[in-house]
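Same order as they appear, the protein sequences are chains A and B. Each residue of the first sequence is one higher than the last, beginning at 0 in numbering that gives the first Met the number 0. Each residue of the second sequence is one higher than the last, beginning at 0 in numbering that gives the first Met the number 0.
Simulated from the structure, these hints should not be mistaken for lab results. Glycine included, each C-beta is placed from N, C-alpha and C at the ideal position. Don't take every hint at face value.
Label pairs and their calculated CB-CB ranges [claimed, not checked]: (1) A:Arg67 / B:Ala45: 35 to 45 angstroms; (2) B:Ala252 / A:Arg81: 18 to 28 angstroms; (3) A:Glu92 / B:Gly234: 46 to 56 angstroms; (4) A:Ala251 / B:Glu137: 57 to 67 angstroms; (5) B:Pro83 / A:Thr2: 40 to 50 angstroms; (6) A:Glu137 / B:Glu239: 52 to 62 angstroms; (7) A:Ala141 / B:Pro83: 50 to 60 angstroms.
Number of protein chains: 2
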Amino acid sequence: MRTFKIILAYDGTDYVGWQRQANGISVQALIEDALRALDGGDVTVAGAGRTDAGVHALGQVASFTIARELSPDALRRAINARLPHAIRVLSAEEAPAGFHPRFGARRKTYRYRLWNGDVLSPFERAYAWHVPGPLDVEAMGAAARLLEGRHDFAAFQATASDVATTVREIVASNISTTNDTLDAEEEPSSHKGLNLSVPRVARGGELIVYEVTGSGFLRHMVRIIVGSLVEIGRGRQPVEWMSAVIAARDRAAAGPTAPPQGLFLVGVEYAAALADGS
Amino acid sequence: MRTFKIILAYDGTDYVGWQRQANGISVQALIEDALRALDGGDVTVAGAGRTDAGVHALGQVASFTIARELSPDALRRAINARLPHAIRVLSAEEAPAGFHPRFGARRKTYRYRLWNGDVLSPFERAYAWHVPGPLDVEAMGAAARLLEGRHDFAAFQATASDVATTVREIVASNISTTNDTLDAEEEPSSHKGLNLSVPRVARGGELIVYEVTGSGFLRHMVRIIVGSLVEIGRGRQPVEWMSAVIAARDRAAAGPTAPPQGLFLVGVEYAAALADGS
Numbered sequence: 000m001r002t003f004k005i006i007l008a009y010d011g012t013d014y015v016g017w018q019r020q021a022n023g024i025s026v027q028a029l030i031e032d033a034l035r036a037l038d039g040g041d042v043t044v045a046g047a048g049r050t051d052a053g054v055h056a057l058g059q060v061a062s063f064t065i066a067r068e069l070s071p072d073a074l075r076r077a078i079n080a081r082l083p084h085a086i087r088v089l090s091a092e093e094a095p096a097g098f099h100p101r102f103g104a105r106r107k108t109y110r111y112r113l114w115n116g117d118v119l120s121p122f123e124r125a126y127a128w129h130v131p132g133p134l135d136v137e138a139m140g141a142a143a144r145l146l147e148g149r150h151d152f153a154a155f156q157a158t159a160s161d162v163a164t165t166v167r168e169i170v171a172s173n174i175s176t177t178n179d180t181l182d183a184e185e186e187p188s189s190h191k192g193l194n195l196s197v198p199r200v201a202r203g204g205e206l207i208v209y210e211v212t213g214s215g216f217l218r219h220m221v222r223i224i225v226g227s228l229v230e231i232g233r234g235r236q237p238v239e240w241m242s243a244v245i246a247a248r249d250r251a252a253a254g255p256t257a258p259p260q261g262l263f264l265v266g267v268e269y270a271a272a273l274a275d276g277s
Numbered sequence: 000m001r002t003f004k005i006i007l008a009y010d011g012t013d014y015v016g017w018q019r020q021a022n023g024i025s026v027q028a029l030i031e032d033a034l035r036a037l038d039g040g041d042v043t044v045a046g047a048g049r050t051d052a053g054v055h056a057l058g059q060v061a062s063f064t065i066a067r068e069l070s071p072d073a074l075r076r077a078i079n080a081r082l083p084h085a086i087r088v089l090s091a092e093e094a095p096a097g098f099h100p101r102f103g104a105r106r107k108t109y110r111y112r113l114w115n116g117d118v119l120s121p122f123e124r125a126y127a128w129h130v131p132g133p134l135d136v137e138a139m140g141a142a143a144r145l146l147e148g149r150h151d152f153a154a155f156q157a158t159a160s161d162v163a164t165t166v167r168e169i170v171a172s173n174i175s176t177t178n179d180t181l182d183a184e185e186e187p188s189s190h191k192g193l194n195l196s197v198p199r200v201a202r203g204g205e206l207i208v209y210e211v212t213g214s215g216f217l218r219h220m221v222r223i224i225v226g227s228l229v230e231i232g233r234g235r236q237p238v239e240w241m242s243a244v245i246a247a248r249d250r251a252a253a254g255p256t257a258p259p260q261g262l263f264l265v266g267v268e269y270a271a272a273l274a275d276g277s
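Construct the complete structure from the given sequences, taking the supplied hints into account.
This is the structure we're talking about:
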């Protein structure tokens, strides 16, 4: 029996989330089904992050143990051949027998994408939260940085969650703006000044990206952080309010939960020995 | 009665194309339905480019005449309220009574996106053609430039097309590479060196973008050009072959038709007087 660690990207739009559920198709179930077909028996797949319905992954990490002898690269191709194109194994490597992608994780990074403009680009509708109207991005950035450090994040947890401790450490929490979207790709310089009938201002808007790296995250934590940052961006709360929300340790003190489609699990970091699979 | 010119973006994945058809839902039909609900009678919408099934638009131009008195901006919002989120009116303006978006067009620009890498990103599956394996991008760029000028493009037309002339002028034809994709967004500098478990090389691949501006385009012309460029990129044909294909004026001489999902109608240019709506 050999244990493998795989890195996955998926478009979560059409799934009930990472975790197997009775009421719909999950990413975990599809991978387990693919492995069952490949290995000839039931295989349990563990994931690093339990992404919710509609949440995406650029670098989810999963592991499983199979009997079949396959090189990591042949395994990657064999799983991909059995998965829908919305889910792709990006890489596979052998891991030590005890490797667990969640318990072994040292840090995780999530990204949340906001579209700030009158009209939401059709190409962003499943990958960003549409927040029209003026947003004070600098205030959002200042508030985001207040989350860095070791805190009790009880205010940023879905109600009715049940975890041993709500203390987590955030090592980086930043807001940035970018035009790196499909419809804002740089035009070749030869086309500059052609007076194309493309109203860049009207359609443009701006992509605002929140990225956070931490030791671990509570259920809905990133989405409640983003909902709170938007309250500040809209001027409904001052920057310092974020510190008051942390101190309150009460879900009712924070902003609303941002919708799932803007959220991406970017990557998971392991201690060097495990990352090497050694 | 007032004539309006609108600029549209749409994700063509779920539609049979721009043009109304008996066998499925078209973008034109959805806009006409929205306008009928708004204006209380049948409205015919004309489009600048007849995009095929699965082809997208960043700046399609359409026009129609309605009785209802609405400001252009109120009209834009009213149409959008009646359309699926995959189709958005980006802007609206009044146009002279005789304005026709196709006959009045001076230049159109199309973009075709190719994904060159082992694993196709799930986020590109509906917006790019997956071309794995080595590609000589410089040769593709040199061949692309051979298309510039006034030529008979009969070789680059879907068979069984029926047009008065197959002569067109291409004013710009360029290949570029970019990392402007959703999963390659620049990470905040604070995250550099965090050793995230995201295999940029394995998942990365490269986005290759072909962009072409011309006086007009034959049916499937851009997709046949791209299919031919990929033959050259794969080393199956030399750069000069592109000139031979043009000279042959025979569809059988060109490469295969690239799939629709990589193609975007970027924008349409009009003579200044019309662009102003004056």
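Practice task
Could you tell me whether the CB distance from A:Ala141 to B:Pro83 stays inside 50 to 60 angstroms?
Solution key: violated, 38 angstroms
Practice task
Confirm or reject the claim that B:Ala252 and A:Arg81 have a C-beta distance inside 18 to 28 angstroms.
Solution key: Hint violated: Cβ distance 39 angstroms, outside 18 to 28 angstroms.
Exercise for the section: May I ask you to test the hint 40 to 50 angstroms on the CB atoms belonging to B:Pro83 and A:Thr2? Expected result: holds, 45 angstroms
Practice task
Mind checking the hinted window 52 to 62 angstroms against the Cβ distance between A:Glu137 and B:Glu239?
Solution key: For A:Glu137 and B:Glu239 the Cβ distance comes to about 55 angstroms; the hint holds.
Practice task
Just tell me: holds or violated, for the beta carbon distance of A:Glu92 and B:Gly234 against 46 to 56 angstroms?
Solution key: With a Cβ separation near 32 angstroms, A:Glu92 and B:Gly234 fall outside 46 to 56 angstroms, so the hint is violated.
Handout entry: Cβ distance range 35 to 45 angstroms for A:Arg67 and B:Ala45, holds or violated
Key = Check failed, 58 angstroms falls outside 35 to 45 angstroms.
Exercise for the section: May I ask you to test the hint 57 to 67 angstroms on the CB atoms belonging to A:Ala251 and B:Glu137? Expected result: For B:Glu137 against A:Ala251, whose Cβ atoms are near 60 angstroms apart, the range 57 to 67 angstroms holds.
Consistency note: the structure conflicts with the earlier hints numbered 1, 2, 3 and 7.
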